[in-house]
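Letter by letter, the chains look like this.
Protein chains: 2
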Amino acid sequence: MLAQQYVDMLSKKNIIRNLSEYAVGRGKEIGYENVFDYTLGNPSVPVPKSFNDSIIRLIGEKSPFDLHGYCQSLGIGEVRKAVAESLNRRFGMEYTMDHIFMTSGAAGAIAHAIRLVTVAGDEVLTFAPFFPEYTPYVNQTGAILKVVPPDTETFQINFELFEEMINPKTMAVLVNSPNNPSGIVYSTQTVKKLAEILTEKSKEYGHIIYLISDEPYREIVFEGVDSPYIAKMYDNTITCYSFSKSLSVPGERIGYVAVNPKCPDAEKMIVMCGQISRGIGHNCPSTIIQWAVSENLDVTADLSVYERNMNILYDELKALGFTVVKPGGTFYIFPKALEEDAVAFCEKGKKYDFIGVPADSFGCPGYFRLAYCIDTEKCERSLEALRRFVKEEYR
Amino acid sequence: MLAQQYVDMLSKKNIIRNLSEYAVGRGKEIGYENVFDYTLGNPSVPVPKSFNDSIIRLIGEKSPFDLHGYCQSLGIGEVRKAVAESLNRRFGMEYTMDHIFMTSGAAGAIAHAIRLVTVAGDEVLTFAPFFPEYTPYVNQTGAILKVVPPDTETFQINFELFEEMINPKTMAVLVNSPNNPSGIVYSTQTVKKLAEILTEKSKEYGHIIYLISDEPYREIVFEGVDSPYIAKMYDNTITCYSFSKSLSVPGERIGYVAVNPKCPDAEKMIVMCGQISRGIGHNCPSTIIQWAVSENLDVTADLSVYERNMNILYDELKALGFTVVKPGGTFYIFPKALEEDAVAFCEKGKKYDFIGVPADSFGCPGYFRLAYCIDTEKCERSLEALRRFVKEEYR
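If you read the protein sequences in the order shown, they are chains A and B.
When we follow this note's numbering, the leftmost residue of the first sequence carries the number 818, and every step to the right adds one.
When we follow this note's numbering, the leftmost residue of the second sequence carries the number 818, and every step to the right adds one.
Among the hints, a few may not be true.
Same chains, same label: a pair holds when it works inside one copy or across any pair of copies.
Here are the computed lysine to any residue pairs in the SDA-like style, where the Cα-Cα straight-line distance is at most 25 angstroms [said to hold, decoys possible]: (1) K879 with E850; (2) K1020 with V824; (3) K879 with S1111; (4) K1085 with Q821; (5) K1165 with Y849; (6) K1085 with Q822; (7) K1009 with V862; (8) K1195 with Y887; (9) K1153 with F976; (10) K866 with K879; (11) K1079 with V824; (12) K879 with N1113; (13) K963 with A937.
Hints are computed from structural coordinates only; laboratory data are not their basis.
Pulled out of the complex, with its shape left as it was, chain A reads as follows:
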């Protein structure tokens, strides 16, 4: 008999994928360059040349066994060391390789982090708007994801509701800053207050509440925006990182778990990740990709297009009267729809080939997400479609 929980998942409509498929299909009719497809968070800038150069050089230089052989179950030692040193250099941390576990991107990192600190029935809190994949990440471990409603004024944390919802079953809080879908970056003040509450509640409940910090957009922060390194502000932080966006290599599935050395049992938590892997069949990212990443830790793809596109869209949305908070990073912007039902709003946008995603599945109905990881030229051309959409439907 097939496992019913996965059969059930099949019948749930994935609105993001449906809209993306619509956009691609429409592109076949009128030319994809004429479809303003803001559906998917797929990096639009190429991998840095140095990354591909590393791969080619490694093939020439390394023995085939070093290059393609089994690696240690926690990841290649030299690579973990290089990751730790890069983090220390950039954020003044004190990681060693014993605090780093290599994973299949942020998804793999979160899958390990949740299993590390929860058992069936435990609660994990996250903040709306949130990445919808958190639901299967958490629920398939047996833990329960609870979502704190958003503060739509700022898209920082709604602390009032958070303090109402946190309880002795809360074993972890899962945050994502810079945030998908809001584009907002948590301020130092926000993280500080969050850390204070977690510290106080950990004491009150008699167990550590871990902060699981999902940071795939860490490198995409816009000029002048306050972007604290979260683990620096709360000892019991498990940082989950992916190189997908910083290096534009989402298909290579590489990231890491980093446990703050000040967290009790930090080193033990990393070796536990190796045990968790045995059950989920993960066994590390590709070795050649680990080596290549380790040579490109302080490099990023040219991410400037994202800030440029953000400014173009933000200005136009404001001019058209949208309620929208200016993003501090990522490649998402998150305006309020012009009618209560964002699904209906996005449906109408199709008529103008302007395709955004309603945020119901992000825990924030009434809003929509635009993923502006597209060429700036196309972003500029989309404004005319947006203007017509707003004028003809809502004026």
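Position chain B against the provided structure of chain A, taking the given hints into account.
Only chain B this time, still in chain A's reference frame:
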């Protein structure tokens, strides 16, 4: 609080790893070339040149987005199609891409297969001797692994005990042929009889009993050995494959699940794998590695060293009076120890720098495994150590 099940796993001694570490440590004292280290199943032949050539050419030819971008959640379509066609060509099957799901090696494949067809409390049967990692693969899903004792005469299946143990809770049977650790290949007769029993019991219990066939050693079969393609003989077969051994790329973590098209709901099972991935954070093997593998599906590393080494060891073991069944494939041989306690036997071997692994954790106490994926020259030199070991300890 840390999840206790993974803490508990840390305290369990891993005898294979301990012996391997001993061998490496001893190598630092006397030179690794003088340690006859038969502990680990790590391929000893290099990747085929064509594989690395593919990577370099792909970097030059493909757009960075095709090469390193997100792939579809079931794996790259063209790669799945190429895998299906290769299997059809070689084994006369009728797979399409809709029957193939790309995974992180056989480990990832088994992790998906078990979740696909079991829920908590279901039983999965396997046959001793068996790969010890099956225990975490199965148990971490909530299902229960039960082990059918071995037929030590042939290391084919002990059908008498199998028929005693199979019961209405049995949802899947997990087989591994060519087998780690015995080196034995299941004959057509064995697989046929297994298929008959599964068909009969499926009918009797009113539910399909799936055959999960773990085949990382499929390409390492010795001359003249009968090696049926298992899925061809039982419709409800989920084949789990890894390229680790055939292409000597274990660090690249690539393999697949193939569901026999004759299995009811075969296509549905593949899309279910995509849902399972969401919870375990897998999201496909590396894209560049998927592309490179798809160009090297009918290629293998030069695997001839394994048969050469097998013959050298088999002849010597027989001459020394060991009870041993001649392997039909893999790079393992599985003799009976010269005393009841194979742990004590292997411990004594250390004195002669002849390092094998006792098979208690493989469900077959009293036997030991030699992983002869080493240079033939070293294999030949090891015979003198083996002879002294046997003579001085057991004559």
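For a quick check of understanding: which of the numbered hints are violated here, in increasing order? The structure breaks only hint 7.
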